[in-house]
Amino acid sequence: MKITYRALDLNNDVQLNKVKQLIDADLSEPYSIYVYRYFLNQWPELALLAFDIESEDKETPIGCIISKSECHAAARERGYIGMLAVDHKYRRMGIAKNLAKLAIVKMKTGGCDEIMLETEVDNFAALNLYESLGFIRVKRMYKYYLNHGDAYRLILPLTEKAVQKSYILNEELR
Amino acid sequence: MYGQVKYQRIEHPRYNLDEKLYLLGLTDDPSWPKDDELYDITHIFKALSSQMDAKDIVKTKECGFYEFTHALEVNNKKLDTSSIPLKQEEIHFDCNKPHGETEEERINFVTAIASRLLRSITTWLNDHQTFPATVLSCRYIEHFLIQLYSLPGTIDILKTGDEYYDTFLNTCTASVCYFLSFVSNIQETSILYEDEDLSFDPMALDSFHLLRNQAVIAKKLEDSIKILSSPQYLNKNVKDLINLMHIFSSLIHIEDLVSKYSEDSEYLDKIITVSDDLNVSYDWSRMPPNGSFSMIAQKTLSNNSPVHSIVEPVNSFNGWIDLAKDLKLAISVSQSKSPIEFLQFVNFFTRTQERHPLSRAVFLLFYSRKNGNIIGKYGKNEFVDKIWREFSTTATAIDLQNELVFQNLSLVIDHCYTAVTEWIRNLTNNHARARRCIGSRIEMWSDIETQTHTVEQYLHKQPLPDNIDSAKKASHLWPLTLWSRAMKNSTIIDYSLRGFELELYQPFECMEMTWFVSHIASESDETLREVEKILNSKFNQISELTGQLLKTKQNVKKLNSYKPQLARNIKYLKYLRAHNNVLRKLSIFQTYQFGILKSYGIIDNNELKELPFVSCELLHNLRFKKLIGTKFMKKLTYAAFQKFLNQYVINGPEFQEKLQKVVEEMKLALADARIDVKEIIHSINKGDEDTSMLTGTRLVKDEALSFYEELENSIELLGNNLDTITVSLPETVSGDLKQKFFVKLRYDKGSCPYFPILTLLEKQ
Ligand SMILES: CC(C)(COP(=O)(O)OP(=O)(O)OC[C@H]1O[C@@H](n2cnc3c(N)ncnc32)[C@H](O)[C@@H]1OP(=O)(O)O)[C@@H](O)C(=O)NCCC(=O)NCCS
Chain A
1 MKITYRALDL NNDVQLNKVK QLIDADLSEP YSIYVYRYFL NQWPELALLA FDIESEDKET
61 PIGCIISKSE CHAAARERGY IGMLAVDHKY RRMGIAKNLA KLAIVKMKTG GCDEIMLETE
121 VDNFAALNLY ESLGFIRVKR MYKYYLNHGD AYRLILPLTE KAVQKSYILN EELR
Chain U
1 MYGQVKYQRI EHPRYNLDEK LYLLGLTDDP SWPKDDELYD ITHIFKALSS QMDAKDIVKT
61 KECGFYEFTH ALEVNNKKLD TSSIPLKQEE IHFDCNKPHG ETEEERINFV TAIASRLLRS
121 ITTWLNDHQT FPATVLSCRY IEHFLIQLYS LPGTIDILKT GDEYYDTFLN TCTASVCYFL
181 SFVSNIQETS ILYEDEDLSF DPMALDSFHL LRNQAVIAKK LEDSIKILSS PQYLNKNVKD
241 LINLMHIFSS LIHIEDLVSK YSEDSEYLDK IITVSDDLNV SYDWSRMPPN GSFSMIAQKT
301 LSNNSPVHSI VEPVNSFNGW IDLAKDLKLA ISVSQSKSPI EFLQFVNFFT RTQERHPLSR
361 AVFLLFYSRK NGNIIGKYGK NEFVDKIWRE FSTTATAIDL QNELVFQNLS LVIDHCYTAV
421 TEWIRNLTNN HARARRCIGS RIEMWSDIET QTHTVEQYLH KQPLPDNIDS AKKASHLWPL
481 TLWSRAMKNS TIIDYSLRGF ELELYQPFEC MEMTWFVSHI ASESDETLRE VEKILNSKFN
541 QISELTGQLL KTKQNVKKLN SYKPQLARNI KYLKYLRAHN NVLRKLSIFQ TYQFGILKSY
601 GIIDNNELKE LPFVSCELLH NLRFKKLIGT KFMKKLTYAA FQKFLNQYVI NGPEFQEKLQ
661 KVVEEMKLAL ADARIDVKEI IHSINKGDED TSMLTGTRLV KDEALSFYEE LENSIELLGN
721 NLDTITVSLP ETVSGDLKQK FFVKLRYDKG SCPYFPILTL LEKQ
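Just so you know, the protein sequences line up as chains A and U, in that order.
Just so you know, this note's numbering puts the end of the first sequence at 174, numbered straight through with nothing missing.
Just so you know, this note's numbering puts the end of the second sequence at 764, numbered straight through with nothing missing.
Here chain A stands alone, though its shape is the one from the complex (with noise of 0.2 Å):
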């Protein structure tokens, strides 16, 4: 096996599809196709797909990673990784956490001065993998989800203006 990772085609409806179901499969938010139109569309470069380039059908993904990255209270670029899953097949092997590192890179090297996202409070194996990636835990939300889940919410730091409050930098902007 080996895998190849790229950004989505946004017109290869075979990739949107598939990226819909591994995403379906697990994750317990239902998400209407106008959410990852929201995602896809507008940051179409932070989506990135994993192939398994040895298999039979190497142009299906068999992981996926779906993020954004936005002007935070008018004070920060925020990164945000909104949805990542991996075929079960292909699991422990490394490939989420490819996809991770890639979004980050590309994130970070976009401009972004923190990246953001949150998980399922016991959605052990996300955290394991967020956290192995320097992310920490900077508060609990209570009833999150539409499954009334609770959330963590995880930030990585990647410039100063991450760790410096929202008004303070605005002040120095004025």
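Treat the hints with care, as some may be off.
Unchecked claim - The calculated DSS-like cross-link candidates involving lysine-lysine, where the alpha carbons are at most 27 Å apart (straight line), are:
1) LYS634(U) to LYS161(A)
2) LYS87(U) to LYS77(U)
3) LYS377(U) to LYS337(U)
4) LYS740(U) to LYS763(U)
5) LYS631(U) to LYS165(A)
6) LYS738(U) to LYS101(A)
7) LYS165(A) to LYS643(U)
8) LYS643(U) to LYS744(U)
9) LYS161(A) to LYS635(U)
10) LYS609(U) to LYS108(A)
11) LYS380(U) to LYS609(U)
12) LYS658(U) to LYS740(U)
13) LYS609(U) to LYS97(A)
14) LYS68(A) to LYS78(U)
15) LYS139(A) to LYS749(U)
16) LYS625(U) to LYS68(A)
17) LYS472(U) to LYS18(A)
18) LYS139(A) to LYS97(A)
19) LYS472(U) to LYS461(U)
20) LYS635(U) to LYS108(A)
21) LYS239(U) to LYS325(U)
22) LYS744(U) to LYS101(A)
23) LYS740(U) to LYS97(A)
24) LYS571(U) to LYS558(U)
25) LYS108(A) to LYS165(A)
As the list claims (entries may be wrong) - Label pairs and their calculated CB-CB ranges:
26) THR159(A) to PRO730(U): 37 to 45 Å
27) ALA125(A) to GLN51(U): 40 to 48 Å
28) ALA125(A) to GLY372(U): 47 to 55 Å
29) ASP702(U) to THR159(A): 23 to 31 Å
30) ASP26(A) to ASP702(U): 22 to 30 Å
Claimed, not checked - Part of the chain U face toward chain A, derived, beta carbon under 7 Å:
31) MET1
32) TYR2
33) LYS78
34) GLU196
35) PHE200
36) ALA432
37) VAL614
38) LYS625
39) ILE628
Calculated from the structure, these hints are not laboratory results.
Where a beta carbon is used, it is the ideal one built from N, C-alpha and C, also for glycine.
On the provided structure of chain A, position chain U with the ligand as indicated by the hints.
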């Protein structure tokens, strides 16, 4: 995983005509729209969409971000409520028909509906389920609310021709709808958070607001109970129904707690006794008629939430007991006899247990009255003044009777009032929200400290007489600065320790957090000692002076009134210091514990330093972000932290001897903490009578006891863990022990979650 906005409140009913007709019972097919009423636009749609690029976004002005991301997707089973499958019995369920062939069947049906409806309410409120998946799944509630729009002013909605439905079930339904308007009003106060505390989407069916006549419903319930208790029903199986009706009857009075600030808890007691009774005697073999609980409302009403399957309530009335007990506790605050009791109430009300959201909201609306009065006893100035006096200002120059002092403090009083009421509100939130809010207020306390210090500096320059000996000038004490500093310190400690409770910190972060808490607790101890000094000096001053001042009777009276207050304060301070000492000693213990594991190379506070994207300094600063802007944090840089933490690491020659010393130190810390905890527990148990401490926990005795008993358990567990660790580790630091061991934070039941156990585990 991206979380979405759960739903948006629709302010006005927006039914289409067919829906409305169905809702009014004028058509019997809810599966709107019907095929022959539709015009097929597929070909137009396809033609237009074929010209579009995948990147194109079709968006209208009315469609903002939330609608855009949350728009429901047709045919998506998780999102499209119009695709909810319904059984025939649900579609054709008729609320205006008496279900059940015989009287006995009808009694059973009505009892089962009423029972399930009641338990659905607690499933909704206690277990945080959605409204449509619980209460609104009851067809009688839906029917009642719909009919209310067209029949405002009446509550006789059910017209089946059968007494069990038209009188008894109808009244129960009215009671629930009345209660809904109360819950809705609570929700509108924004005390509770929609997503976190209470999920109330009535799907535009808000006619419960039209039900304003509590007395009418109360009377009907009373009459119903009377009828059912009459000899005519003696041989009928209505005992359960009567019990249930008692709960419905109490339900409508919960509102009185905030509308009339009623302190009457009789009906809450009734809920408890009746629920207890029902738990024992209720006949669970009864089932409601098929179709009487359904997802049909989600399908047919104005709904932009995803599909929520019905949550079957459990076969128990314990939910009602929990709700009633929490409400009773919330209003017991009115019995507080002093600000200390009031503040301790706030401190322990939700400390070890998440309280029922309604009880938290009721507490806030109950203690702070519309006229600005606190529990019907104190006005703003009096409240703040009493808090100060119970802490540090008694017999000092901070005497609000003095015009000059009052004028200079009036702004400070306002700010302190805001800070204290904010603190009360913050602590009353659910635990996750509470920590966030407490954190946001640290800077405010820091500002208040500066502000009080400035005013006190100014007052010192004024010719203020000493409050005890008016012949002298007031001495330079800082009672207000010390009060605000003590509040700031305890807020920081609380904020930091609650991070453990919420499991926010990873094992590698523990050392920084526990060292930080111990550091602030040391500062806090100094502050409390300062206050103690003021109080003792005032006490002594009075004792020495009373003889000389007997000449003026008024003075003697004043001085004598100071003495008991000062004695109280000293006793209270003793408690505060003991409490603070327990937290300090346990934090020191934890820091040492981490230090030992770090000395063996098993864990490191900077262990992420090798990771590609990580700066340990940035992680540290992110963790302490809420504290940025406070004066003391300017000194506590990342580098300073590292220096302090390294003092806890054992290295160099004579490792074992040094280790033994550290272990001794740790055991001493635990022993110290144990003494203080025991003393606090003793005082709580004795109601502060004949004790050395004043805990002020009379109203929250169980809650306070459970907190300190958890701490007591933690002390034992931490001690045991230390023993386990010391025997598991080799005598000398050799080899890469990180390959063999790892550290996990363990949260044992019955122990204090602020001090999880740093457990050493062998890698598989
Ligand atoms: C979470 C998920 C994306 C991980 O994918 P993966 O490719 O198997 O992960 P990796 O192989 O890259 O694992 C990297 C690290 O994550 C952690 N991890 C991954 N799966 C884990 C599991 N089942 N249990 C515990 N830790 C796990 C481990 O620390 C792992 O490192 P290690 O293998 O060296 O111990 C995958 O399990 C998944 O798709 N889950 C369902 C969707 C989901 O939960 N997404 C995250 C929502 S925010």
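Evaluation of the provided hints:
no.	hint	in the structure
1	LYS634(U) to LYS161(A)	17 Å, holds
2	LYS87(U) to LYS77(U)	17 Å, holds
3	LYS377(U) to LYS337(U)	10 Å, holds
4	LYS740(U) to LYS763(U)	5 Å, holds
5	LYS631(U) to LYS165(A)	15 Å, holds
6	LYS738(U) to LYS101(A)	25 Å, holds
7	LYS165(A) to LYS643(U)	25 Å, holds
8	LYS643(U) to LYS744(U)	25 Å, holds
9	LYS161(A) to LYS635(U)	20 Å, holds
10	LYS609(U) to LYS108(A)	18 Å, holds
11	LYS380(U) to LYS609(U)	51 Å, violated
12	LYS658(U) to LYS740(U)	23 Å, holds
13	LYS609(U) to LYS97(A)	18 Å, holds
14	LYS68(A) to LYS78(U)	25 Å, holds
15	LYS139(A) to LYS749(U)	23 Å, holds
16	LYS625(U) to LYS68(A)	24 Å, holds
17	LYS472(U) to LYS18(A)	85 Å, violated
18	LYS139(A) to LYS97(A)	23 Å, holds
19	LYS472(U) to LYS461(U)	14 Å, holds
20	LYS635(U) to LYS108(A)	30 Å, violated
21	LYS239(U) to LYS325(U)	24 Å, holds
22	LYS744(U) to LYS101(A)	25 Å, holds
23	LYS740(U) to LYS97(A)	24 Å, holds
24	LYS571(U) to LYS558(U)	21 Å, holds
25	LYS108(A) to LYS165(A)	20 Å, holds
26	THR159(A) to PRO730(U): 37 to 45 Å	42 Å, holds
27	ALA125(A) to GLN51(U): 40 to 48 Å	43 Å, holds
28	ALA125(A) to GLY372(U): 47 to 55 Å	52 Å, holds
29	ASP702(U) to THR159(A): 23 to 31 Å	49 Å, violated
30	ASP26(A) to ASP702(U): 22 to 30 Å	43 Å, violated
31	MET1	5 Å, holds
32	TYR2	4 Å, holds
33	LYS78	3 Å, holds
34	GLU196	4 Å, holds
35	PHE200	13 Å, violated
36	ALA432	4 Å, holds
37	VAL614	4 Å, holds
38	LYS625	6 Å, holds
39	ILE628	6 Å, holds
Going through the hint list in order, the structure does not satisfy hints 11, 17, 20, 29, 30, 35.
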